[in-house]
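**Q** Required output: the full structure, derived from the provided sequences and hints.
The residues making up each chain are set out below.
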Amino acid sequence: MSDIVSMVSYEHPRSPLLEVVDLTVHHGQLCAVDQVSLSVKAGEVLAVIGANGAGKSTLLRTIAGLHRPTSGSISFEGDDISKLATHRRVRRGISLVPEGRRLFASLTVEENIKVGAQSAGPGPFNLKAMYELFAWMPERRNQKVGQLSGGEQQAVAIARALVANPKVLLIDEVSLGLAPIVIERIYEFIPRIVAQGVGVLLVEQDVTQALAVATRVHCLLEGKTSLVGVPTELSPAAIEAAYFGSDMAHGAVDGPTT
Amino acid sequence: MIWVNTVIEGVLVGSFYALFACGLSLMFGVMKIINLAHGDMAVVAGYTAIFLVPKFHVAPVWSFVVVVPLFALVGYIVQRTLLQKAIDRDPFTTLLVTFGLSVIIENLLLEIYTANGQSIDIGILISKSWQVSSTLTISYFSLVVLAVAVAVLLSLQLFLSHTGTGRQIRAVSDDREAAQLCGTNYRHIFGIASAIAFATVALAGIAYGISTEFFPSSGGGNLLFAFEAVVIGGIGSLWGTLIGGVLLGVSQQLGAHFSPAYQVLGGNIFFLAVLAVRPQGLFGKRTEM
Numbered sequence: 001m002s003d004i005v006s007m008v009s010y011e012h013p014r015s016p017l018l019e020v021v022d023l024t025v026h027h028g029q030l031c032a033v034d035q036v037s038l039s040v041k042a043g044e045v046l047a048v049i050g051a052n053g054a055g056k057s058t059l060l061r062t063i064a065g066l067h068r069p070t071s072g073s074i075s076f077e078g079d080d081i082s083k084l085a086t087h088r089r090v091r092r093g094i095s096l097v098p099e100g101r102r103l104f105a106s107l108t109v110e111e112n113i114k115v116g117a118q119s120a121g122p123g124p125f126n127l128k129a130m131y132e133l134f135a136w137m138p139e140r141r142n143q144k145v146g147q148l149s150g151g152e153q154q155a156v157a158i159a160r161a162l163v164a165n166p167k168v169l170l171i172d173e174v175s176l177g178l179a180p181i182v183i184e185r186i187y188e189f190i191p192r193i194v195a196q197g198v199g200v201l202l203v204e205q206d207v208t209q210a211l212a213v214a215t216r217v218h219c220l221l222e223g224k225t226s227l228v229g230v231p232t233e234l235s236p237a238a239i240e241a242a243y244f245g246s247d248m249a250h251g252a253v254d255g256p257t258t
Numbered sequence: 259m260i261w262v263n264t265v266i267e268g269v270l271v272g273s274f275y276a277l278f279a280c281g282l283s284l285m286f287g288v289m290k291i292i293n294l295a296h297g298d299m300a301v302v303a304g305y306t307a308i309f310l311v312p313k314f315h316v317a318p319v320w321s322f323v324v325v326v327p328l329f330a331l332v333g334y335i336v337q338r339t340l341l342q343k344a345i346d347r348d349p350f351t352t353l354l355v356t357f358g359l360s361v362i363i364e365n366l367l368l369e370i371y372t373a374n375g376q377s378i379d380i381g382i383l384i385s386k387s388w389q390v391s392s393t394l395t396i397s398y399f400s401l402v403v404l405a406v407a408v409a410v411l412l413s414l415q416l417f418l419s420h421t422g423t424g425r426q427i428r429a430v431s432d433d434r435e436a437a438q439l440c441g442t443n444y445r446h447i448f449g450i451a452s453a454i455a456f457a458t459v460a461l462a463g464i465a466y467g468i469s470t471e472f473f474p475s476s477g478g479g480n481l482l483f484a485f486e487a488v489v490i491g492g493i494g495s496l497w498g499t500l501i502g503g504v505l506l507g508v509s510q511q512l513g514a515h516f517s518p519a520y521q522v523l524g525g526n527i528f529f530l531a532v533l534a535v536r537p538q539g540l541f542g543k544r545t546e547m
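Line by line, the protein sequences give chains A and B.
The opening position of the first sequence corresponds to residue 1 in the numbering used here, with each subsequent residue numbered one higher.
The opening position of the second sequence corresponds to residue 259 in the numbering used here, with each subsequent residue numbered one higher.
Hints are not guaranteed to be accurate.
Covered stretches of chain B (in silico footprint by chain A; criterion: 3 or more residues with CB under 8 angstroms from a CB of chain A, positions within the stretch not fixed) [to be verified]:
1) 347-359
2) 440-447
Capping the alpha-carbon separation at 30 angstroms, the derived lysine-lysine pairs in BS3-like fashion look like this [stated by the list, open to error]:
3) A:Lys-114 <-> A:Lys-144
4) B:Lys-290 <-> A:Lys-114
5) B:Lys-343 <-> A:Lys-83
6) A:Lys-83 <-> B:Lys-290
7) A:Lys-114 <-> B:Lys-543
8) A:Lys-167 <-> A:Lys-144
9) A:Lys-167 <-> A:Lys-83
10) B:Lys-290 <-> A:Lys-144
11) B:Lys-543 <-> A:Lys-144
12) B:Lys-343 <-> B:Lys-290
13) B:Lys-313 <-> B:Lys-386
14) A:Lys-114 <-> A:Lys-128
Hints in this document: simulated from the structure, not taken from any laboratory.
Using N, Cα and C, we set each Cβ at its ideal position, and we do this for glycine too.
**A** Right, dumping it as structure tokens:
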């Protein structure tokens, strides 16, 4: 384990909260996630990176209970949860901030967050804590979410997931469609969430952001694990190879966003 | 004066349509189910009031006290079992299932209670009326229906806006999957929405059975008017449904004013006009996002 881990998770138990073993998920004929194993401990950030279609979102959605795995197991605090319905996993302590934010369009900012708080477990995050975390929110709480900017909507989506007081927070493509400056501001909040002992599993195409915030990084290539490691110990070349395939033979044109 | 009469009559009939239609609107708004058996549910409520309620020694006028909670329960169960199974497949299955339900209900009623007309007898109460002027009298019962319709829609609106469950219903209606990710059991929420829809249609069925004679086949015609009220008002808007029902009622009465044969025609023409000019309905939003 690296120094970063010991810095942020100084007083949390070492046994993983979330453990995924040999997870395989199919979309029809297509094998989207192939024999992936990973674990998330309290107070650490695991970043799953990979190109479009590498299976990152499918992995998160399966952990959240939105897809059924073909094989493999998902356990949480030692219990197998792979048969549990999505809403029960939320109550156990796994919340997902979905790709594309998916806010309730006809509800106000405050109502969106309250829906998330309705099945909350005990913990430090509530509506008031969110209004302190995101200082702009209180005065705009009665606006419909459609009136907010993309970055503000993303903040509401994070708040809505946080108020359930998850032990593991899954974040899917938080930077999608946002300006770099806005992405930076959103990422500033992640260490503050982790400091409360929450384990974070985030999926990201923006490798720079992911590496900056991650305790460990897990790279997927066409559904398979291509690289696992600690950001400071990985060379850009190794990451690039894992991201696109070692020989660049898969037709990739752009480099990773590093 | 004759115009005032026509409009008042239209408003009274229309408020019944709104009461009848709000459950249809709710089920479509939340579950995206077009319940083709909605009208038949109302008819079943009427039969229940006539044949089951007397067994509990409840006066017909109070039959709703038994029938409405019973229907709420039935609504929850039907949703969690039959309709949920259909939703889990695809929208077309849902349509077929509710159509099948409608056929089964109609024929069962025909088989058990014959095609004879029935009505819920509340005795002298039905004939009491308010003499507004020499040419205008309004029956108390239709005023009661108006009041009930407004009260039901108002409390439904308040429930949806200000309670936790109401908020969850709106959230599920916006994005079912995101609601699950917030810890909401959408199947339970669907059950609650369905319970409300069945309870309101039971109330409408009893009101219908008190005001007129009904038959096993009465569901279909009423379903058509309910659809028209929902579409005129705009799908998903409860106030829209009330206004839609009232406007439908008024346009029917205006049609009837020219010739009794034009009553339904008047309503249909207005319905088609709204559909042509404002397809999303008067209070509906254009679909975005």
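**Q** Hint by hint, note whether the structure agrees.
**A** Each hint tested on the structure:
no. : hint                    : verdict
1   : 347-359                 : violated (count 0)
2   : 440-447                 : holds (count 5)
3   : A:Lys-114 <-> A:Lys-144 : holds, 14 angstroms
4   : B:Lys-290 <-> A:Lys-114 : holds, 24 angstroms
5   : B:Lys-343 <-> A:Lys-83  : holds, 19 angstroms
6   : A:Lys-83 <-> B:Lys-290  : holds, 27 angstroms
7   : A:Lys-114 <-> B:Lys-543 : holds, 24 angstroms
8   : A:Lys-167 <-> A:Lys-144 : holds, 29 angstroms
9   : A:Lys-167 <-> A:Lys-83  : holds, 19 angstroms
10  : B:Lys-290 <-> A:Lys-144 : holds, 23 angstroms
11  : B:Lys-543 <-> A:Lys-144 : holds, 14 angstroms
12  : B:Lys-343 <-> B:Lys-290 : holds, 14 angstroms
13  : B:Lys-313 <-> B:Lys-386 : holds, 27 angstroms
14  : A:Lys-114 <-> A:Lys-128 : holds, 11 angstroms
The earlier numbered hint that this structure contradicts is number 1, and it is the only one.
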